[in-house]
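*Asks:* Listed here are the chains, written in short residue letters.
6 protein chains.
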Amino acid sequence: MRVFDSNWMQIADYLERDDRVVLPVGSTEQHGYLSLGTDALLAERVSVEAAEPLGVPVLPVLPFGMAPYFTAYPGTMSLRMSTYIEVVRDLLDCLAGQGFRRIAVINGHGGNAPVAGLIREWINRPGADRVQVLFHSWYNAPKTAAAASRFDEDQYHGSWLENFAWTRVAGVEIPGGAAPVIDRAKAGNLTAEEMRAQSPDGSLGGAYQRSDEDMQLVWDAGVAEVRELLEKGWLDQ
Amino acid sequence: MRVFDSNWMQIADYLERDDRVVLPVGSTEQHGYLSLGTDALLAERVSVEAAEPLGVPVLPVLPFGMAPYFTAYPGTMSLRMSTYIEVVRDLLDCLAGQGFRRIAVINGHGGNAPVAGLIREWINRPGADRVQVLFHSWYNAPKTAAAASRFDEDQYHGSWLENFAWTRVAGVEIPGGAAPVIDRAKAGNLTAEEMRAQSPDGSLGGAYQRSDEDMQLVWDAGVAEVRELLEKGWLDQ
Amino acid sequence: MRVFDSNWMQIADYLERDDRVVLPVGSTEQHGYLSLGTDALLAERVSVEAAEPLGVPVLPVLPFGMAPYFTAYPGTMSLRMSTYIEVVRDLLDCLAGQGFRRIAVINGHGGNAPVAGLIREWINRPGADRVQVLFHSWYNAPKTAAAASRFDEDQYHGSWLENFAWTRVAGVEIPGGAAPVIDRAKAGNLTAEEMRAQSPDGSLGGAYQRSDEDMQLVWDAGVAEVRELLEKGWLDQ
Amino acid sequence: MRVFDSNWMQIADYLERDDRVVLPVGSTEQHGYLSLGTDALLAERVSVEAAEPLGVPVLPVLPFGMAPYFTAYPGTMSLRMSTYIEVVRDLLDCLAGQGFRRIAVINGHGGNAPVAGLIREWINRPGADRVQVLFHSWYNAPKTAAAASRFDEDQYHGSWLENFAWTRVAGVEIPGGAAPVIDRAKAGNLTAEEMRAQSPDGSLGGAYQRSDEDMQLVWDAGVAEVRELLEKGWLDQ
Amino acid sequence: MRVFDSNWMQIADYLERDDRVVLPVGSTEQHGYLSLGTDALLAERVSVEAAEPLGVPVLPVLPFGMAPYFTAYPGTMSLRMSTYIEVVRDLLDCLAGQGFRRIAVINGHGGNAPVAGLIREWINRPGADRVQVLFHSWYNAPKTAAAASRFDEDQYHGSWLENFAWTRVAGVEIPGGAAPVIDRAKAGNLTAEEMRAQSPDGSLGGAYQRSDEDMQLVWDAGVAEVRELLEKGWLDQ
Amino acid sequence: MRVFDSNWMQIADYLERDDRVVLPVGSTEQHGYLSLGTDALLAERVSVEAAEPLGVPVLPVLPFGMAPYFTAYPGTMSLRMSTYIEVVRDLLDCLAGQGFRRIAVINGHGGNAPVAGLIREWINRPGADRVQVLFHSWYNAPKTAAAASRFDEDQYHGSWLENFAWTRVAGVEIPGGAAPVIDRAKAGNLTAEEMRAQSPDGSLGGAYQRSDEDMQLVWDAGVAEVRELLEKGWLDQ
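Protein chains in written order, with my numbering: chain A, 1 to 237; chain B, 1001 to 1237; chain C, 2001 to 2237; chain D, 3001 to 3237; chain E, 4001 to 4237; chain F, 5001 to 5237.
Here chain A stands alone, though its shape is the one from the complex (with noise of 0.2 Å):
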């Protein structure tokens, strides 16, 4: 159920049998040939077709990410840490204070992990309701990677991994074969124009497709895996 087909009513309605709800949030960069909003699409679609059957809603995709390592292509949004970590606590917050107390934010990107020390201080927060809040990287938990494995041990930002129906961009034709592998170890010191240019398409290594027959598959183990989080990802109380 995405809030944004429903109304407040609606909302208030399910606040009186359940107290789930799902955050994803994306990042609007670059993804090689993919479409510049690859991170969200993905945290968004695999949220809603998680939550779907369970009738737990969804907000919109937080579309804003933390990717200052990609600024110097087009198109790519990134905000301060100091920025990024008010805007999860604030929507924190105002879930808490509508009643939820079971809240999954679902993640699309990388270069946001380190929201998930802001939750850990959220959760401890003096004075407040008891609210959990997961934070699920989809698209390299366990079961989701073990699936991708299966094909290519090779996942890297722009490739194979994030090349779905819905993340092409239409008319963009996508080469065959495979970009070079950037050293991992010290992408994370390069600066946004040293990282344009190491990587001139933005693809950070690794087969630019598979087929599509592979690729659900692995969606469909990153649907099962947040279905499953937000079936049994709650501690007992």
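Think of the hints as simulated: they come from the structure by calculation, not from any bench.
Check each hint, because a few of them may be wrong.
What follows is a set of in silico ranges between Cβ atoms, one per label pair, in the way DEER data are often shown [said to hold, decoys possible]: (1) 1212(B) x 4126(E): 44 to 50 Å; (2) 1013(B) x 4142(E): 39 to 45 Å; (3) 3140(D) x 5171(F): 41 to 47 Å.
Sample of chain E residues with no beta-carbon within 10 Å of chain F, all distances over it, derived [what the hints assert, rightly or not]: (4) 4012; (5) 4089; (6) 4110; (7) 4113; (8) 4116; (9) 4185; (10) 4194; (11) 4211.
In this text the structure is predicted, and so the values were computed from the model without any measurement.
Just so you know, even glycine gets a beta-carbon here, dropped at the ideal spot from N, CA and C.
Assemble the complex: chain A is given as a structure, and chains B, C, D, E and F must be docked to it using the hints.
*Replies:* This is chains B, C, D, E and F only, laid out in the frame that chain A set:
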């Protein structure tokens, strides 16, 4: 051209020939019987339709805004002002850093209006490239407001003026008749709880709906006015 | 009753019988030929005159506001928005902590208007006593604006409308005639340097002066409207 | 020259020949039987009298400072330190941006002293023009303190030392005798509530008043010392 | 070379010939039977031993980190994320301003990992000199983890892996046996109170101790891996 | 009792019988020929020696403080004031949350003194348990200063007064004689670059050294004064 329907190379190409961009900003908040996403959906849609023939890229809507007075209606998200101005600052900084020089912020929510102050501050940030930024609240801009006023002077939150085919919620019947009008002079002083008590369904007054034909005329005026802004709203330099 | 003409014991006594207070907020900024303190002087004076017969205490005016677009005119001071909202928050917190329950912020400067958003947020701060806060820009409130419009529809920064005996500068001759009108739609997009280039004397348009008799009528309307607000502008509870 | 008695053109002219400016900072806080504005009134007045013969402009006093320990006395306003340092930073930035190169912050309130740390930080802000900033607490500067000590070594908040014709409140009779002295070593550890309990009238100790002749001598010393600072307190460069 | 065993002239000399520096970051937090300073002591010690033969200076450890989930165990100190990122930013700014161009942040505490995001942001700060920053969590870096895994795959907070002669507390007997393992997937969702209830002694699982010989092998691997980083972990430029 | 020589259980036990704790705060900054850690080393050492016989726990020294005026001397680290006050706030919050009710902040660096303002604000934070906090700059507290003044009234940064066996750097010869005294009244207005130009070795004036016997007398006075504070410096309640 939606940024999410593009890859970064396409944006890079665009920047060779133009320097305009649109950032729609909305809100996730109660709209009575209508979608919780009304302000975000309309800001993004009016932006996309206006920009389409001009080829100007449109960022994904920032779906969360400032709506503290509606937080007692479940599903409403509100960022603190201190957070919101930093989000907008970061996005403007990214755009400026990539070569955009004319940015139109198309706003769909009255509560976001204070960010216009931040924009005026940002334009004057020290030591930076000259970047123009327009802040345009599409729904009450002069020509759009005039188009709406031909039908009804009562134009309130959650009423007919926001009731489009694309903001209604599937399966929800909209009442006929009109909601009682909340005293605007005093509404600013209401807490969220008091607001909900005064407006049990979230509509702040006036008729709930008009014909699709009437609404299309309002909508067309809104799109035309944003398009005119994108074409002629800039300072000559 | 100016707070600066009182000691704390008098304020403590007052709080035994009433819970209203006035916080005037102004700006230190260029006003063409008029005093750099125009907005502060007027906000404080209109507050003091309005509150006098009611016995409501008036704080000293906050003399600095948000005026980034005028900083190229020497003597203009501008606080960043992130600073300004914290100043107002702190003052509201102090007043609330001492038992004030109805606070009127009387504003003399258009650039301060965004703080109304902070006030709406503050009213909804969690876990706090219910405190009403009115934000009133005295110079363009309905009745005052109507009184001024009987004389001249052109009411711009630095023009006749702000030219009172108490905002003129000793020894400065005010020009006759009128300044050319700056295009309001585009003024919001000007940098401070551009603003100064477009308005060499700082007046944004219209006649520089009117007779003291005319001005007194405008002033009386302003005082009366603030007084009415202090008497009847509150929510019944 | 009060900035509020000037227009911007006069300040622009001044900057052609001089680059000094005075920013008085005070507090709105209990002062026993004396005005809640004592620290602000004195800081502004000593600045204006000192600067007058030199033609140096004096900004309006920043009337709100840091006084958390007095907030239990109604009428006391206190800014958080995080707020206060940003206000002062913004004002310094504005002045520097307009060409002022020697700024004297004349302080009237002990609780504001920590801002001297911010000033030292600001002087070292990266990449900026060299601007000198003096922070001078006029009331306990060496020569002024010496002048006062000739009369009485007890110089406490709310006592004779702050009791001038221009800080007394009309119609309020000041007690004869002396208030008991609060232990200074422990006063820093008192909450506002405890402070009020220990000092029921707000005076922290010592005689309540001296003759106007004595006070004039103290005052003259204060004015002279500020003037000397404005003339000779700067680094040679 | 500990910075605290040097004076500034020695650091100035060093900068004539090298531009590397080490900043150890730790935490003051419960470690079961072990010292509350375990993470700080180890981060500093591994840095000093690794840097010694290279002559690279090592700053004093930042002893406080982010550990909100352990605050129910007395003696645990935790900085908010908003604070912590500013501390690290300031330290990086100072180092960059003095000519350091290769900074290794050696981390001893898992909860500090989010600061890696700030570092990536900082590397891309606008208009600044190019400075490389490595963030290295020494205790689970590949070679150190491999060395430890030869002994035991269970490597949890407060267990054998942190139990060195230099993290034990004088006079405290460490239990034999092993603590029950806390479910890692769910641990992130525990409040500090729940954490203490689930782990009454603070160990999150596994054996409490191993022989000093085994521990020395782990330690040697940690030191060697940090040293290799300081020698070869940088980008060629 | 150093906290780093304890585990959490020992601190928990301590809290059953006492509620005092010591937080030493220092600085990493140039001290002429002496250790860059002088202020941190002394603050921690004086705390540990003073607290030892009382059994009061001493946290690890916060080694970084505010020293913007020394940043031109390599090895000096300086936190912005906005950062520093948040660090201290967080530490106080943690201590208060765990039951400490009497906190002594023992300061070793003049530039940190503004944090006393934050502490007074913190004591008055709303809605919190009553916690006493003393801020004590050990090196110029009355009795310690008196002990030093018996030897020499000149007591400046980087001179004899900070020259102990435990702040000297191995292998560094300290000059005989005395450094010229920097004008204190003007020193506050110097940039870091100017400071370094005026004080080429970093000593701000006076003799470089005295005999160990003299220094021990000063040190003993410092330890005794801190101990007296820990025993008798609190408010009776």
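*Asks:* Among all the numbered hints in the text so far, which are the ones the structure does not match?
*Replies:* Hint check: 4, 5 fail, others pass.
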